[in-house]
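Enquirer: Start from the sequences and build out the full structure, keeping to the hints where you can.
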Amino acid sequence: MARDFAADILDPIAGEIVTNVGRWVDREVKPQASEFEHADVYPDPLVKGMSEMGLFGIKIPERYGGLDLSFECYAGVCMELARGWMSLAGIINTHVLVGYTISEYGTEEQRQKFLPRLVEPEIRCALTITEPDAGSDAQAIKTTARRDGDDYVINGQKMWVTNGQRAGVYLALTKTDPTAEPRHRGMSAFLVEPGIAGFSVGKKFDKLGYKGVETTELSFDDARVPASALLGGKEGSGFQHVMSGLEVGRINVAGRGVGLAQAAFDDAIRYAQVRVAFGRPIIEHQAQQIRLAEMATKIRAARLLTFDAARKKDSGVRSDLDAGMAKLFATEMCQEVVLDAMRIHGGVSYSKELPLERYYRDAPLMVIAEGTSDIQKIVIARALQREYPV
Amino acid sequence: MRRRRPSESVNIIVCVKQIPDPETPAASFKVDEAAKKVIPAQGIAPVVNPFDPQATEAALRLRDAAGEGKVTVISLGPDSARDAIKHALAMGADEGVLLNDPSFEGIDNFQTAVALAKAIQKIGAFDLILMGRSAADWDMGVVPAGVGQLLGVPVVTVAKAIERNGGAVKVDRVLDDGFQTVETPLPAVVSVSNEFGEPRYPQLRQIMLAAKKTVQVWGAADIGMAADELGASGRWLPLDALYVPKVESNVEIIEGETPEEKARNLAQKLRAAKLI
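In order, the protein sequences belong to chains A and B.
Numbering-wise, this note's numbering puts 357 at position 357 of the first sequence, and it's gapless, one number per residue.
Count along the second sequence starting at 1, add 1000, and that's the number in this note's numbering.
Because the hints were derived from the structure by calculation, they are not lab data.
One or more hints might be untrue.
What the hints assert, rightly or not - Okay, derived cross-link-like pairs now, DMTMM-like style, lysine to aspartate or glutamate, Cα gap no bigger than 20 angstroms in a straight line:
hint	chain 1	residue 1	chain 2	residue 2
1	B	1212	B	1094
2	B	1213	A	11
3	B	1212	A	62
4	B	1212	A	68
5	A	48	A	35
6	B	1036	B	1105
7	A	203	A	150
8	B	1269	B	1248
9	B	1212	B	1095
10	B	1246	B	1032
11	B	1213	B	1095
12	A	113	A	35
13	A	113	A	193
14	A	48	B	1198
15	A	30	B	1198
16	B	1212	A	35
17	A	352	A	35
18	B	1160	B	1172
19	A	30	B	1023
20	A	30	B	1021
21	B	1160	B	1064
22	A	234	A	150
23	B	1246	B	1033
To be verified - Which chain B residues stay away from chain A? Per the calculated CB distances, all over 10 angstroms, these:
hint	residue
24	1123
25	1167
26	1201
27	1207
As the list claims (entries may be wrong) - Now the in silico label distances, taken between C-beta atoms and shown as ranges:
hint	chain 1	residue 1	chain 2	residue 2	range
28	B	1032	A	286	29 to 37 angstroms
29	A	108	B	1165	50 to 58 angstroms
30	B	1227	A	343	58 to 66 angstroms
31	A	48	B	1233	50 to 58 angstroms
32	A	347	B	1181	52 to 60 angstroms
33	B	1246	A	32	34 to 42 angstroms
34	A	280	B	1241	29 to 37 angstroms
35	A	68	B	1068	45 to 53 angstroms
36	A	318	B	1137	38 to 46 angstroms
37	B	1267	A	35	36 to 44 angstroms
38	B	1246	A	348	26 to 34 angstroms
39	B	1182	A	195	51 to 59 angstroms
40	A	108	B	1137	50 to 58 angstroms
Just so you know, even glycine gets a beta-carbon here, dropped at the ideal spot from N, CA and C.
Expert: What follows is the structure in structure tokens.
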């Protein structure tokens, strides 16, 4: 049984919500997560449960039918989902991120068109930035959107699209002015609905972990969208809008790191008390005590750092520094803690009968996705430079 | 005794209890034998009695099937028992009442039944009182019968299904070796078993609404109970001793020349120990 950390830290309503999500995770997710994961099957019943609880509308403003809860509450929910199965927090990530971007930067027409449909949700969202030749260097994307009368014509390839097969709207980052300097001033984001000519979903990637949820390629081949699909109705702000959305994504991924590490720790401290070696439970050996103490301390630090970043985002100010720090620390910590949990378990951790091998395969995704650790360090350093002018 | 109201509207009272988490690890479960009390486990929050959300679920389904009505939740316990009420409100119950008074400390099941019955009388008209089949801490399962007796209404225990039929309810009961269907006029008390099925998970929106609802708090005087009826001294069932039994384990290797002889020796030892 995991201690109820959320109730210790969050305000009463957020604490109650996170505690309830945690109960659902314990009863519905943990018993069957590995089965879904090993089969790489989309967890329809679990996503239905998330939907029935109202998780997909968690950040949609109330005037569009959502709950408009805090990022702090959302971070806690992500932690709990990932404690059961990291992929579930991934399924909700792009949905919340795109919903946030629409509500913050979309035109009123775009908000009214999409946001009420994201609550139930009637449609799900995907974010498309990465391309075959552009990952960390997002401004190097080659996908273009060319104005043609009342439309834009989009051409290009996108990679690593979470929810790629199931999304009802894709937030696609493009270049409307490929010659612009600095490059980001020529970038624009579009809300693309599937089913249009020239738009197709490509292959689904077979991944090391992060299974269940599909990750796909996308192709735009003279795909024509109306000008009303341009996010915010103005060219040249797409990079800024998507980066702001990525702050939400980084809080989500930091929360995933905390949740997954907590799951590994919960298993490890339980096992350490029942596994006997050299005549006593291994938790009585100093080497394991030190390891467990370090694990718990790092998890606690990452949890607080993640809630701190979420609170900063809630305050409405730029939070790339805070989200970057949380994401960097929580995901690197998660990898270390999962490996430590395996060391405590010994050989049995290498078996597919325990979830540790799943944690071990899921952890690296978070170090890489939503901006690698190296990118986070650059984001943090640039923000620090802003904060310490000379 | 309050009679059923003539409309299809249904007024249901659900009694819920907050208990120590039954999944508390054995190492954390401690008893103060001198004080005859369970010592709350450090860091492990109390939970709603596992059968009670099923009683709440039954109430919500009956209310929703009627199209109108009210589900009122009562809990007797410390201030933290408010959480058990909030959980039922988050599931969709309408109102909550916490019976909270220092003199409720240490009372037994019969005193609890008296307090609940008096609170229910104070609430007023009701069609149905629902409770979990028992509380997983003491596991007596007598409070539903006590409340029914005190209010003078029929009691049906261990329900797996409840269907309202005008002025009556049809209840499927769980037996050791099967099921029994009975019908009783309303008002009545029904205790609900885990076979009723999974209770709903609270929706986030309901949790937010529940947080805004006020839980009424009634002390002993509010329900007309006197001090001499309450407290450990007023128990109908005095508690003589409370202890965790010592569990001792011993390993004995059964000797024998052949597997058959070993099996025979094992059987004889089990018989001598009256285990077979």
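Enquirer: Indicate, hint by hint, whether the structure satisfies it.
Expert: Status of the hints after comparison with the structure:
no.: 1; hint: B:1212 - B:1094; result: holds, 12 angstroms
no.: 2; hint: B:1213 - A:11; result: holds, 16 angstroms
no.: 3; hint: B:1212 - A:62; result: holds, 16 angstroms
no.: 4; hint: B:1212 - A:68; result: holds, 16 angstroms
no.: 5; hint: A:48 - A:35; result: holds, 17 angstroms
no.: 6; hint: B:1036 - B:1105; result: holds, 12 angstroms
no.: 7; hint: A:203 - A:150; result: violated, 31 angstroms
no.: 8; hint: B:1269 - B:1248; result: holds, 18 angstroms
no.: 9; hint: B:1212 - B:1095; result: holds, 11 angstroms
no.: 10; hint: B:1246 - B:1032; result: holds, 15 angstroms
no.: 11; hint: B:1213 - B:1095; result: holds, 8 angstroms
no.: 12; hint: A:113 - A:35; result: violated, 37 angstroms
no.: 13; hint: A:113 - A:193; result: holds, 12 angstroms
no.: 14; hint: A:48 - B:1198; result: holds, 16 angstroms
no.: 15; hint: A:30 - B:1198; result: holds, 17 angstroms
no.: 16; hint: B:1212 - A:35; result: violated, 39 angstroms
no.: 17; hint: A:352 - A:35; result: holds, 10 angstroms
no.: 18; hint: B:1160 - B:1172; result: holds, 6 angstroms
no.: 19; hint: A:30 - B:1023; result: holds, 16 angstroms
no.: 20; hint: A:30 - B:1021; result: holds, 19 angstroms
no.: 21; hint: B:1160 - B:1064; result: holds, 18 angstroms
no.: 22; hint: A:234 - A:150; result: holds, 14 angstroms
no.: 23; hint: B:1246 - B:1033; result: holds, 13 angstroms
no.: 24; hint: 1123; result: holds, 25 angstroms
no.: 25; hint: 1167; result: holds, 34 angstroms
no.: 26; hint: 1201; result: violated, 5 angstroms
no.: 27; hint: 1207; result: violated, 5 angstroms
no.: 28; hint: B:1032 - A:286: 29 to 37 angstroms; result: holds, 32 angstroms
no.: 29; hint: A:108 - B:1165: 50 to 58 angstroms; result: holds, 52 angstroms
no.: 30; hint: B:1227 - A:343: 58 to 66 angstroms; result: holds, 60 angstroms
no.: 31; hint: A:48 - B:1233: 50 to 58 angstroms; result: holds, 53 angstroms
no.: 32; hint: A:347 - B:1181: 52 to 60 angstroms; result: holds, 54 angstroms
no.: 33; hint: B:1246 - A:32: 34 to 42 angstroms; result: holds, 38 angstroms
no.: 34; hint: A:280 - B:1241: 29 to 37 angstroms; result: holds, 33 angstroms
no.: 35; hint: A:68 - B:1068: 45 to 53 angstroms; result: violated, 30 angstroms
no.: 36; hint: A:318 - B:1137: 38 to 46 angstroms; result: violated, 51 angstroms
no.: 37; hint: B:1267 - A:35: 36 to 44 angstroms; result: holds, 41 angstroms
no.: 38; hint: B:1246 - A:348: 26 to 34 angstroms; result: holds, 32 angstroms
no.: 39; hint: B:1182 - A:195: 51 to 59 angstroms; result: holds, 57 angstroms
no.: 40; hint: A:108 - B:1137: 50 to 58 angstroms; result: holds, 55 angstroms
Hint compliance for this structure: hints 7, 12, 16, 26, 27, 35, 36 are broken, all remaining hints hold.
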